[in-house]
Structures are given as C-alpha cells and as structure tokens.
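This is what each chain is made of:
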Amino acid sequence: GAVVSQHPSWVICKSGTSVKIECRSLDFQATTMFWYRQFPKQSLMLMATSNEGSKATYEQGVEKDKFLINHASLTLSTLTVTSAHPEDSSFYICSARDRGGVSGNTIYFGEGSWLTVV
Amino acid sequence: SQQGEEDPQALSIQEGENATMNCSYKTSINNLQWYRQNSGRGLVHLILIRSNEREKHSGRLRVTLDTSKKSSSLLITASRAADTASYFCATGFQKLVFGTGTRLLVSP
Chain A
11 GAVVSQHPSW VICKSGTSVK IECRSLDFQA TTMFWYRQFP KQSLMLMATS NEGSKATYEQ
71 GVEKDKFLIN HASLTLSTLT VTSAHPEDSS FYICSARDRG GVSGNTIYFG EGSWLTVV
Chain B
5 SQQGEEDPQA LSIQEGENAT MNCSYKTSIN NLQWYRQNSG RGLVHLILIR SNEREKHSGR
65 LRVTLDTSKK SSSLLITASR AADTASYFCA TGFQKLVFGT GTRLLVSP
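Just so you know, the protein sequences line up as chains A and B, in that order. Going left to right, the first sequence walks through residues 11 to 128 as the numbering used here numbers them. Going left to right, the second sequence walks through residues 5 to 112 as the numbering used here numbers them.
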C-alpha cells in the first residue's frame, strides 16, 4: 500500500541551529501534504498545508518564517525549523493525500519525527 | 483550533473487555474518521464513517455517528493488550482536525 516516509525519525539539535525534516510519498504523487505538531500526550495540531509548486498555507498562530515549508516535487515536502529553541521540541508528523488511491482521497501519515532542541 | 473533544481522556481495562471512546465535534461534517497512534509513532487509519451513515463495523471495531448530537463513538470489542494506544477522531476533508484523543491501556 501507499507509504509516507519521514526522515529523520528523531533528531537532536543545538539551540539556534536549523533542522530539516523530510516527508516523502513513496509510491504516489501528492500535490498536497500537511504538517502537524504534537506535544506529549496531546492531540495533533495542524501547522500548515504544503502545496506542490506554490507557497504553503499556514494555520493561525504558526510562524511561517520559523517553520519553512518547501514542496518542490510531487513526492517531497520539507519542514525546516529555523533558529530552533527548546520550546520547538516536539513530535512533527506529515500526511499526504493520494488522489489516485482506491478511495480517491486517502490520507496517509508518516511515522513522525521527534525533534529535541538542547 | 481543536475541533473535537474526546472522552474519556484515558481508559484502562483488562484484556477481553470492551472499550468505548466518545468524540464530539463542533461543525457540520461530511465524514468522520478514527485513527490509532502507538506511543511516539505515526497514525494509522482505522475507519471512516460518512455523515449519512449511522453505524459501521470493521473487525472488532464498531463506530457510530449521531450528526444531530455531533458525536461519534468507537467501540473495540474483546480488547487485546496490543490495542493499547491513543485513539483520535478527526473531521475534515484534507485538513484533518483531530480530537483530543483517548489513551487506552489494555492490561493482560
């Protein structure tokens, strides 16, 4: 079945540095991908919608200059956390929509990426 | 913004018992989905129920939907230790809005 891959699964970075997380759709094309953030024992909060070939659409309260999203191809979206701070430590999950799937609109989630900023 | 509330927030049961989780949402929907998340992992889609459906089954899962009350329930029958996970309801077409989730612990 369709798979969405995220990389890295976990990353530790120093405060002030930037870190990039990749989200790939492995066997389908995804014109739209979504990035979520999840704090421990809490629900997923949508951060932004990543649109292939155009600018991402950010949810209210999400700093677009802080969380840079690039969707340069139909199978890859990247989230870059810039000038990371400890409060950015979180679990980041992406999802991608497979328009060509059996249901015609199936959403697949990646395995998530743990970010720890020290 | 958070769409729905789920209750209970946490549920602890013994293997073999049934587990029921409830979800309430705020706006009109076309469908509602339930997802499972193992600790620190991604989400696995369990079941989708459309707004014109009242009940749906999939294996040991039974989902109900009451659009008049804007609520849904997920029942897991004959639970197993492997069912231990967090369960979320979600609404929306592409931009899924998740409920607060229920953490289920099934003890052997």
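In short, the hints are calculated from the structure, not lab data. A hint or two may mislead.
Said to hold, decoys possible - Below 27 Å or equal to it, Euclidean Cα-Cα: the simulated DSS-like pairs (lysine-lysine) are: (1) A:K76 / B:K99; (2) A:K30 / B:K99; (3) B:K99 / A:K65; (4) A:K24 / A:K76; (5) B:K99 / B:K74; (6) B:K30 / B:K99.
Claimed, not checked - Chain B stretches covered by chain A per the calculated footprint, using a threshold of three residues with CB under 8 Å from any CB of chain A: (7) 73-83; (8) 97-108.
Don't be surprised by glycine CBs; every beta carbon is placed ideally from N, CA and C.
Against the structure, the hints come out as follows:
| no. | hint | result |
| --- | --- | --- |
| 1 | A:K76 / B:K99 | holds, 21 Å |
| 2 | A:K30 / B:K99 | holds, 22 Å |
| 3 | B:K99 / A:K65 | holds, 16 Å |
| 4 | A:K24 / A:K76 | holds, 16 Å |
| 5 | B:K99 / B:K74 | holds, 19 Å |
| 6 | B:K30 / B:K99 | holds, 15 Å |
| 7 | 73-83 | violated (count 0) |
| 8 | 97-108 | holds (count 10) |
Checked against the numbered hints above, the structure violates only hint 7.
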